[in-house]
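**Student:** Residue numbers (the numbering used here), protein chains in the order written: chain P, 1 to 267; chain B, 1 to 329; chain E, 1 to 261; chain F, 1 to 261; chain Z, 1 to 284.
Just so you know, these hints were derived from the structure itself, not from any lab. Any given hint could turn out to be false.
Unchecked claim - Straight-line Cα separation of at most 27 Å, DSSO-like style, residue types lysine-lysine; simulated pairs: (1) P/234 with B/325; (2) E/141 with F/245; (3) B/94 with P/47.
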Amino acid sequence: MKTNYRSPQQFFRQRQLRLWVVLIILIAIYWLSMAIVSFQTIPSIVKVPAGLVWLFKNFVPTQRSISYLGPILYQLWRTLLVAVSSTICASFFGLIFAILGAKTTTPSPILRVVIRFGASLLRNIPVVAWSMILLFSFKQSDFTGFLALFFMTLGYLTRAFTETIEDLDGEKLQALQAVGANYFQCVFCGVLPEVASTLTSWVLYMIENNLRDATLVGILTGTGVGFLFDHYFKSFRYDAAGLIVLLIAILVILLELSSTQIRRAIA
Amino acid sequence: GCASGTATGTKSDSSASKDKDKAITVVFYPNESAKSFSGSRDALKKSIEKATGKTVKLQTTTDYNVAIQAIASGKAQVAYMGANGYIQANHISKDVQPFAAQSDAEGSLKKATYNSYIMVQQKDADKYKDGDKYSIKNIKGKKMSYVSNSSTSGFLVPTAEIKREFNVKDEDKLTQNGQFFSKVLYGGSHQGSAVNLLKGDADVAAFDDGDLMPYLKPSEGSWDKLGSTFEVKDDAEAPFTDLKGKKVVNIAMMPVQQGPWVYNTKSLSKDDQEKIAKEFTSKEFASNKEIFSQPGSKAAKLFQRKTDKQQLIKVTDKWYEPTHKLVGY
Amino acid sequence: MKGTAMLKVIELDKTYGQDKHSLKSVNFTAQPGEVTAIIGPSGAGKTTILRSVNQLIRDNGGQILLDDEDIRQANKKELRKIRHHIGMIFQNYNLISPLTALENVLHGRLGAKSTMAGMLGLYSNAEKAEALELLAEVGLKDYAYQRCDQLSGGQQQRVGIARALMQHPKMILCDEPIASLDPKSTRTVMDILRRLAKEKQLIILINLHQIDVAREYADHIVGINSGAIVFEGPSQSVDDTVLQKIYRQADSTATVTANEN
Amino acid sequence: MKGTAMLKVIELDKTYGQDKHSLKSVNFTAQPGEVTAIIGPSGAGKTTILRSVNQLIRDNGGQILLDDEDIRQANKKELRKIRHHIGMIFQNYNLISPLTALENVLHGRLGAKSTMAGMLGLYSNAEKAEALELLAEVGLKDYAYQRCDQLSGGQQQRVGIARALMQHPKMILCDEPIASLDPKSTRTVMDILRRLAKEKQLIILINLHQIDVAREYADHIVGINSGAIVFEGPSQSVDDTVLQKIYRQADSTATVTANEN
Amino acid sequence: MIENSSTTPKTLPQPNPKTKRISMMTRPRLILRTVLGGLTLVTLYSLLTLNTANLKLSEAFKSLGTNLHSMFLQPSVGQDSWNLLLTALTRSVSLAMLTTLLGALFAFFIAVGAARNLSPTWLANTIKAVMAFIRSIPTILWVLIYSVTMGLGANAAVVGLTFHSIAYLVKAYSESIEETSSDTIEALKASGVGFWPIVFQAILPSIIPALLSWTFIRFEINFANAVAVGAAAGADDIGYYLFMSGSFYSNFHEVGLIVYLLLGVAVILELVSMRLRGHYLQKN
Ligand SMILES: Nc1ncnc2c1ncn2[C@@H]1O[C@H](COP(=O)(O)OP(=O)(O)OP(=O)(O)O)[C@@H](O)[C@H]1O
Ligand SMILES: Nc1ncnc2c1ncn2[C@@H]1O[C@H](COP(=O)(O)OP(=O)(O)OP(=O)(O)O)[C@@H](O)[C@H]1O
Ligand SMILES: [Mg+2]
Ligand SMILES: [Mg+2]
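This is chain P alone, in the form it adopts within the complex:
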């Protein structure tokens, strides 16, 4: 790293130059992408409010949709269970992988690369492919939904946990090393307490995320509230579909609130 500049002017000029280069690259990427998919920024943004109006006009739950409340609530409960269980299982394995894969705590750099790319693989196999792989073998059931969510969550949590651990101040770990603590002790007594609150919020977020993804997975596996949504949606019962969205939103907001609350309590 070059640390000596002739004058502050030169230093700031270089800073600015770097900033400009980054900005220009970003703008170039944006412009190129726009051209490739023929996207029109301004006309599109102008129409955003109109879309929102349409959404509320069509999807507001009506009197009729209340009659669907029973099955919706039951499926929502099932979906919540699958979302929670897949997240918890995934976070258990994700934590192990993250500790083994984080730069600061990895026992071997090769393992780190393997884990990172393994996680990337899990995240990036598209849902359609997951559903093909899993549906053909595990059939249409809650279990298939569980597996699909589990694998995708594992991919994300491994990465998120890894980075949380990497962001940790290395000096604090050094203090434990200096005490003569071994690897696992450093992890359990140093790393985990420091990151517990962040990890918890991640876990709660992934539950929320899986609840929403369940709409996608549900369509594929024919289970849960996602399937129900698809069913109402496809049969043009938009009010019922809207009711499902509303209920999911309420649940998601509740989860988010409790997440903040819990994080504050354990911080």
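Since the structure of chain P is provided, determine the placement of chains B, E, F and Z with the ligands on it from the hints.
**Tutor:** For chains B, E, F and Z with the ligands alone, kept in the frame of chain P given last:
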């Protein structure tokens, strides 16, 4: 391919925004009828362009609701859809009107239908006999497989048949586990639904004829006969590779009306409507080798032509009365 | 015992990055039973020396002999064992902030525990009692159950000291342990350290800025400037000329080669 | 001018949480042109006082008069303006670590800039030159372009000092500014602070642990113990009995009510 | 706001000195354990009650093996051409770029309002709730909405996907902002620096590594979404071919090839993000 087709279509579109109103958007949903035959689609685009003198933009979507909303809202002017989809679109906006559908082999509308089946495995077939005839009386409590709930022949028609037979009022009963059926599966496609049955995940499955023809052959009876037995072909590709030789029997067969070409009368000028309708129902159009697979040829095209007489033929909303009834509006 | 347990640093070298020469051929010894103070201007390399001694940072060359064995040659497992016997007190405390003071002190026992017991934080009652006692000794009896990030700077520093004492160390490395302490606490802490050195024949290596404290409490003083040792001797022999040599030029020229010894 | 620009703290109260009484009816004054030192045991509330003075923490009651106006009544905008004239030096530096020393020093000018210029970090050449000069003055000329997390503790502290000076403040609050400095830097820094106080008639309020430094450099000394002022007077009058009063009991009883004044 | 960081010391009552056992349990720990324990119980319950559809595991895994085999070991272009697939892939990547860039830009400013250490609590909470609401509307719905209001095509796809992109990044960014040490913010506040200068001069440089990693994660998600949903909006991207070969033809070979293409993009992304992060995190 269709990818480049879209690109050029939109480019001229953004350069001269005036032309935008004049451009005609055609939307396809890859339903049971419209497959990814990009060659056919390009030919279609050319012939519409020739007929109207306007730029044509082709849009494909994988989502059923998007296609229907697009044509109903007038953002797309022309669409090719299944019968059920048409009814839905027409229900949202009366501006959506059919103008052409595939004729029967005689070139008329009389038998302009294809078949939807309810099938069971051959080894269980006897259980579904009512006297010496097959019936669906015994399917209650079984495991059922549909195609998807937006499918006409793989969902709408079979459920209508079951509703009629068992006098069920609430359609939702037929789609939920443990209500009418012990379990309800969705194959995602006609092939998928058939596979559910062949593998034994479902006891009863609904699907149509056209989509299964490459994989099944009638070993007893024919495609048009109730109670026929079908066998998986020896050279069937995935996902049927492991299922060679397995047999299924159709215990119910319902005619399904051919899906229409529709336009939105609000967003397409009268003049263009006539021009396109005329072009589509013309004899030359039917002999376009890119759009119709000619009799005897194996090449997969948008439409199959069994005889020289088969072509697109003019239809109106009235002809779809039976499907209107099935849907309920 | 005294002769063998001595700490001997020989020709220690350290560069950060490629060009930042922070330690240049550092040589000094520290005897058990004595308090050895390292003094020198800010940025001279005091922290760097301390961290090299228990190999928290890898140096570029030299020898660090403890009991005539070179720490630098130890493998991972041996190093852990050695480290368990070296207490360290950090300039910026380095406590695990969400944990209570008590738990941080108990961490001092980790090196002596089995992996499993350490992981799960299973400490015996005796250990807990000892930790509480140590906290009381450094004046933090009432803060045992408080999260460390809610303690004042000086309070955190003292938690760090208690943690080091909890290790029952043979050597204690202190990086400016009294920087954020008030005079009274300073005396308390320095008294503890000196007493430990004498009673248990510990090696105490301590970075200090306050020369008067160094003169009063240290037996042996090492002066460092720009990464090079410029003085080593008994604390009585530190006079104004020596101090001038040590603190000369401060560190605005720290990167420029200085070769006095 | 001297009379009006005085800092007057009246009956200041602060509790952390519900029960932790950290400041109890604190009263003292600080004159421009003078260095006022606050001394007291660790955990007594020195940092808390300083932070209350520029309202970084909201106290529970009392008055803080600067130029006879109560800072506590200022609205957001006024507060920002007032704060721009108050330099602050933190116990743990509080620099933006990924940025260079130079940039951190320049941050001292942000309060005087328009929002836009501040957002984009547009500094004039004169400001840049001044920042470099200030860095040179605290002995960090060669470190101007180094990331702050690569500086030693004392180096970071001095960057913080330069940042405060960059504000051209009317008052400087220093939270143990010399804790991690070597004696020479300590002198440099304290000399700078004293000179500034005299030359520019600044109010300098400084938390110190080193009594000798306080005695030498401060004009006025405030002693605090367990959140209560136990002494206020010129630095000459600080004798052993006073010190005993200030440092008595240390802070193991900091939470227990103590009502001497 | 920042100043009122009054935290109650969360200690349990002092352990009774007479009892021999010295407890180290504090309230935060208790809460954490309760939460984790509760979640574990729910997990156990739901795992035990999962409907497995009479699954025969051995058979399932065998067929999984064959499928994976034909997917990953025998990829082929199927009935489409390389040219077609690569063009479509570029289109998908572009969609992801657009939605990520747009999302990041909007999200950063909204996130500042949603960060509890910068904005009043009511505002932060409101924004967070609105974002949570936006997130819970399925992407396909957004796409539907915008293909109705502006017609099928890239415009609808980009706008539809950007909504989620923004909602997600606002949450992520605002939490990163909340994690910046309040001390450093305090230092600038103490010198009377205004709000936006603090955001850009203190917070932004401190959280760049976090922002980068979040943005890259989102890029990945956007890419996946573009594949899943872009096709529905008629953006004519790789998702269309994946859908056709997967859901319609069950052509494992072509699905395999497309998955390889997608993974290729993901690996490149991962490499770029690792490098950038390393660059900003480096301290030595
Ligand atoms: N991680 C690092 N990367 C690069 N240079 C570093 C790093 N850590 C320290 N240095 C440099 O090495 C030199 C010695 O640093 P060290 O921390 O040992 O000083 P010190 O004597 O402890 O100073 P102080 O009394 O101020 O704490 C300094 O010039 C410092 O800038
Ligand atoms: N955020 C906080 N929450 C709860 N208690 C706090 C908090 N900050 C400080 N305290 C308590 O308030 C008291 C005074 O703290 P303060 O930081 O003002 O002490 P100090 O005099 O600056 O000590 P030192 O010299 O060690 O820095 C201490 O008992 C401390 O534990
Ligand atoms: Mg140091
Ligand atoms: Mg303090």
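**Student:** Are the hints correct? Go through all of them and say.
**Tutor:** Checked hints:
no.: 1; hint: P/234 with B/325; verdict: holds (18 Å)
no.: 2; hint: E/141 with F/245; verdict: holds (21 Å)
no.: 3; hint: B/94 with P/47; verdict: holds (25 Å)
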